[in-house]
Amino acid sequence: MHAILPRRDLVKAGLAAGAAGLLPGVPALAQLNGAQSASIPRDRTLVLIKNGGRDGRWVDYELWNPYSIGANHQNGPNLIYEPLAYYSAFAGKLYLWLAESYQYTPDFRQLTIKTRPGINWSDGTAFSAEDVAYTFNTLRDLGPKVKWGVDVNQALDAATVTDPNTVVLKFKIPSPRFFFFATYKYDIGIYMVPKHIFQGQDWTSFKHFDLAKGWPVTTGPWRVVAAAQSQKVFERRDSWWAAERKLAPMPQILRSIWLPNTGEQQTAQAMITNQSDTAYDMQPASFPTMFRGNPKIITHTGQQPPYGYVDWWPISLYVNNEVVPFNDKDVRWALSHYIDRKQIVEVGFLGASQVSALPMPPYKPLLPYFDAVKDLLAKYDTLEFNPQKGDALLAAKGFRKQGNAWTDPDGKPLTVVIISAPLGTFGPAIGPVVSEMLRRHGVTASLLLPPDFNDRFQKGDYVGSIYGHGGSIREPYDTLRLYQGKSIAVPGAHLVNFSRWKNPDYDKIVDEVYVTDPQNVTRLKDLFRAAMEIWLPELPDIQLVQNHHRIPMNTTYWTNWPTADNAYINGASWHLTFPLVLWNLRPA
Amino acid sequence: MQLFYIARRFGVFLLIVWLAASLNFFLPKLSGEDPVRTKLLEQASLGGYVQGGIEDMVKEYQEKFGLDKPLWRQYLAYVGDMVRGDLNYSIANYPRTVAGMIADALPWTIGLLGLTTLFSFVAGTILGALLAWPGAPRWMRWLMPPLWALHAIPFFLLGLVLMYLLAFQFQVLPIFGGYSAGATPGWTWRFVLDVLRHATLPALSIILVSVGGWALAMRGMMVTTMGEDYVTFAEAKGLRSVTIFTRYCMRNAILPQATGLALALGQILSGAVLVEAIFGYPGIGALLFQAIEENDFFLIQGIVFTVIVALGFATFVLDVIYPLLDPRISYRRS
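Line by line, the protein sequences give chains A and B.
Mapping of the first sequence onto this note's numbering: position 301 corresponds to residue 301, and the numbering continues sequentially without gaps.
Mapping of the second sequence onto this note's numbering: position 68 corresponds to residue 68, and the numbering continues sequentially without gaps.
Note that these hints are calculated values from the structure, not bench results.
Beta carbons: idealized from backbone N, C-alpha and C, even for Gly.
Watch out, some of these pointers could steer you wrong.
[Stated by the list, open to error] Calculated from the model, a selection of chain A residues having no Cβ within reach of chain B, i.e. all distances over 12 angstroms:
no.: 1; residue: 96
no.: 2; residue: 114
no.: 3; residue: 116
no.: 4; residue: 118
no.: 5; residue: 163
no.: 6; residue: 229
no.: 7; residue: 237
no.: 8; residue: 256
no.: 9; residue: 329
no.: 10; residue: 566
[As the list claims (entries may be wrong)] Taking beta-carbon pairs under 8 angstroms as the criterion, some of the chain A residues facing chain B (in silico):
no.: 11; residue: 41
no.: 12; residue: 255
no.: 13; residue: 266
Just need the whole structure built from these sequences, with the hints factored in.
See below:
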């Protein structure tokens with residue numbers, strides 16, 4: 001044999017190549033390319049484990065343009081792009097921010113927004129009405145290419161700058177809620193982008209990430225100093241317009257480190273060992289363990305159940321109203337009567353939850369609307385556990401009980417396959433309880449947690465489902481529109497009618513709500529009541545419980561967390577309002 | 001070595017890569033899921049609110065990613081991309097590129113699994129050889145039962161136990177991550193030590209589980225080799241015990257181990273999914289897991305294609321260098 005290499009040399013070369021093969025990994029460890037300040041003590045650093053990471057990494061660490069579809073405002077852009085206004089549903093308060101004022105015309109076809117003068121982007125360029133008009137007009141033009149584009153395109157005709165601090169928005173249809181839509185609350189709001197950076201870029205692929213250039217630029221108090229798979233690091237800027245104008249305190253946090261989620265067990269351990277100051281929405285069962293391990297950990301409700309606050313997202317058992325026999329309101333009511341909500345709270349959430357009578361949260365601004373239908377709720381008690389009533393309703397519809405199972409007049413079992421999201425704290429927690437309750441009362445119920453849940457639920461490819469309602473937080477329109485079959489007031493509206501229930505009279509009322517001034521509570525109460533007079537007897541979906549965000553907060557290094565006694569905002573780090581928490585935290 | 005043989009093996013290598021890459025294209029499509037819709041719905045319902053126009057957006061991005069085209073055209077485009085080495089964009093993380101995401105993850109996996117595989121190989125092979133050698137200290141025999149027992153435990157299970165003990169109870173090692181929160185990466189001893197410290201727990205769980213396997217295989221080969229005539233001859237010649245152990249026994253027994261090492265090094269690109277997931281280690285295994293969860297066709301295809309090429313190449317190299325490692329092996333036609 002004619003060897004190309006002598007054997008001894010080959011083995012040596014192989015070993016050398018093997019060792020060299022390991023080296024390319026090392027430079028890539030240094031992919032953080034920021035300029036972090038050298039020594040910031042732990043007690044001025046906020047460490048946060050975020051729910052937005054995937055399997056222990058930030059896949060989106062380069063994506064700081066929140067409009068690209070791979071980006072997620074929850075993972076950092078919520079600190080970078082300041083809004084026209086913030087809204088706290090807990091405080092029931094609108095905080096005008098980049099906007100100084102706004103004014104609608106009486107027909108709600110025009111909106112004038114005055115921006116605050118003297119605000120600069122972090123690269124020194126002045127923020128102005130040009131940025132606002134550019135953001136809105138580009139969203140209108142891009143439509144389905146980017147997030148919120150369709151929503152803006154549906155309403156906006158044109159945004160015009162009339163002076164450096166005034167922008168006039170003309171609408172295609174009356175749009176009394178447009179400013180509120182653009183306001184930051186929970187996960188909804190329009191991110192104002194710097195025109196001088198974004199103009200000429202393809203918004204779908206532009207990353208807005210180059211730390212050497214100072215990108216992402218911001219008007220806020222935080223700059224990104226490092227971003228990599230393992231962590232995102234923000235540091236406080238030296239000056240911030242809002243602090244200078246006494247609109248907000250200058251944050252005491254000098255550095256904020258955002259770590260990706262590696263699993264609830266590891267997160268609990270990190271909280272106990274003070275390696276993290278706060279985290280994400282965790283299972284109720286984790287909290288007693290954390291409190292035992294670290295008495296400095298608190299939640300929105302201290303160390304007492306439900307360990308959190310009511311989210312805007314009440315949870316229901318949806319049944320597809322287009323599927324027989326669930327197109328029959330009596331069948332829906334029968335299912336409702338078979339469900340003991342108190343047991344769901346006790347078993348599914350270990351007592352750490354509360355029941356929900358209507359598909360909207362009992363927030364302060366919404367309480368007048370709950371009051372407006374008190375008598376209707378007494379008549380149509382959506383929380384009543386009464387199996388006898390359920391039996392009577394089914395029997396009246398020709399269902400028969402064979403053994404312990406209800407069958408329809410053709411002898412087929414009354415079957416509900418319930419699907420829910422495999423991740424999250426609601427489906428896996430209460431799905432088994434709900435299906436077991438239905439089974440005990442003769443309904444052939446089962447639970448599935450399919451990976452394509454979102455797709456199936458959205459398309460109506462389901463019979464039963466456990467899911468929430470992203471609806472109202474201030475006035476009832478957003479919740480009411482979740483059940484609209486069609487809208488005339490909003491031509492070409494993209495409706496989100498998960499229950500697939502339709503009622504033309506109800507649609508008309510909701511259209512009327514749409515064109516009513518959100519401040520006109522008296523009129524809205526009347527309309528809400530009229531809508532509920534149709535909705536409640538029909539019960540399109542079956543009300544279960546409120547959704548809670550159970551977030552651990554560590555007081556070892558930081559205090560003044562948002563709690564029930566100090567509810568300035570909700571404490572979710574993933575929401576657009578999280579900057580308010582960061583401004584308010586104080587060193588322990 | 002004949003060039004014809006090398007060319008033929010290279011042809012087989014290309015054929016394997018093409019077949020595996022084709023399977024890699026079609027298998028994810030069998031799920032019938034639409035990754036664009038899944039991603040957009042997931043994004044849209046993040047906070048419980050489903051924004052308007054999702055269907056319009058789905059259409060827009062299906063067109064952008066070419067998913068609206070017939071399957072055969074998608075396949076041709078895919079093959080063309082693979083030939084050019086263009087792994088495309090990640091659907092779920094657009095505009096991040098698949099190549100960029102793999103480049104981020106690969107060093108961590110190579111660093112962790114490469115080193116642990118080599119360490120396990122060396123330690124396991126030496127231990128296995130000593131365990132079969134009559135002249136080895138007696139206490140070494142006590143090592144084997146625990147190593148075999150550990151070999152039977154899955155990586156991730158041992159990882160959880162180690163994490164509880166070393167990271168949570170005694171707090172001598174970090175719980176998760178590739179390096180400390182707030183550490184500034186760079187070529188400093190401090191950072192390198194930090195990375196090594198973070199790699200210790202996952203590495204330990206892999207090494208403790210793997211060493212037993214290598215040792216067991218080597219011990220078996222050593223027992224066979226020690227019975228060979230040439231070893232008896234060497235003893236009869238009065239050669240030193242160390243010489244017989246290293247040059248006559250170990251050297252001849254190690255060949256199957258070398259094959260195993262080459263394949264193991266090829267397989268490290270697929271990562272140790274569960275270990276990476278448990279320790280929050282940002283390697284390629286966890287990335288593949290995530291891509292499957294999101295049905296991100298392009299990312300799945302990119303990672304699997306990289307693994308296929310690496311495995312195919314490792315096998316090809318092994319085929320080619322076998323005669324050089326062991327002169328008894330020849331590919332000459334007799």
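12 angstroms cut-off, C-beta based - residue 256 of chain A kept clear of every residue in chain B:
Residue 256 of chain A is in fact no farther than 12 angstroms from some Cβ atom of chain B, at 10 angstroms.
According to the definition I'm using, a residue is off the interface if its beta carbon is farther than 12 angstroms from all beta carbons of the partner; does residue 118 of chain A meet that for chain B?
Consistent with the label, residue 118 of chain A stays out of reach of chain B, its closest Cβ about 32 angstroms off (over 12 angstroms).
Minimum Cβ distance from residue 229 of chain A to chain B greater than 12 angstroms, as the annotation requires:
violated (4 angstroms)
Non-interface claim for residue 237 of chain A, where every Cβ of chain B lies beyond 12 angstroms:
About 18 angstroms separates residue 237 of chain A from the closest Cβ of chain B, which puts it past 12 angstroms; holds.
Check on residue 114 of chain A being off the interface with chain B, judged by Cβ distance over 12 angstroms:
holds (27 angstroms)
Find the nearest Cβ of chain B to the Cβ of residue 116 of chain A and say whether that gap is larger than 12 angstroms.
holds (27 angstroms)
Does the claim that residue 329 of chain A lies off the interface hold, with its Cβ farther than 12 angstroms from every Cβ of chain B?
holds (25 angstroms)
Interface-negative label, residue 163 of chain A against chain B, beta-carbon threshold 12 angstroms
holds (32 angstroms)
Verify that the Cβ of residue 566 of chain A lies farther than 12 angstroms from every Cβ atom of chain B, and report whether the claim holds or is violated.
It holds; residue 566 of chain A is separated from chain B by about 23 angstroms at its closest Cβ, greater than 12 angstroms.
Verify the interface restraint on residue 41 of chain A: the C-beta must sit less than 8 angstroms from at least one C-beta of chain B.
violated (11 angstroms)
Does the CB of residue 266 of chain A sit less than 8 angstroms away from some CB of chain B?
holds (5 angstroms)
Would the stated hint for residue 255 of chain A survive a check requiring a Cβ distance to chain B of less than 8 angstroms?
With a minimum Cβ separation of about 7 angstroms from chain B (threshold 8 angstroms), the hint on residue 255 of chain A holds.
In summary, the structure is inconsistent with hints 6, 8, 11 from the numbered list given earlier, while agreeing with the others.
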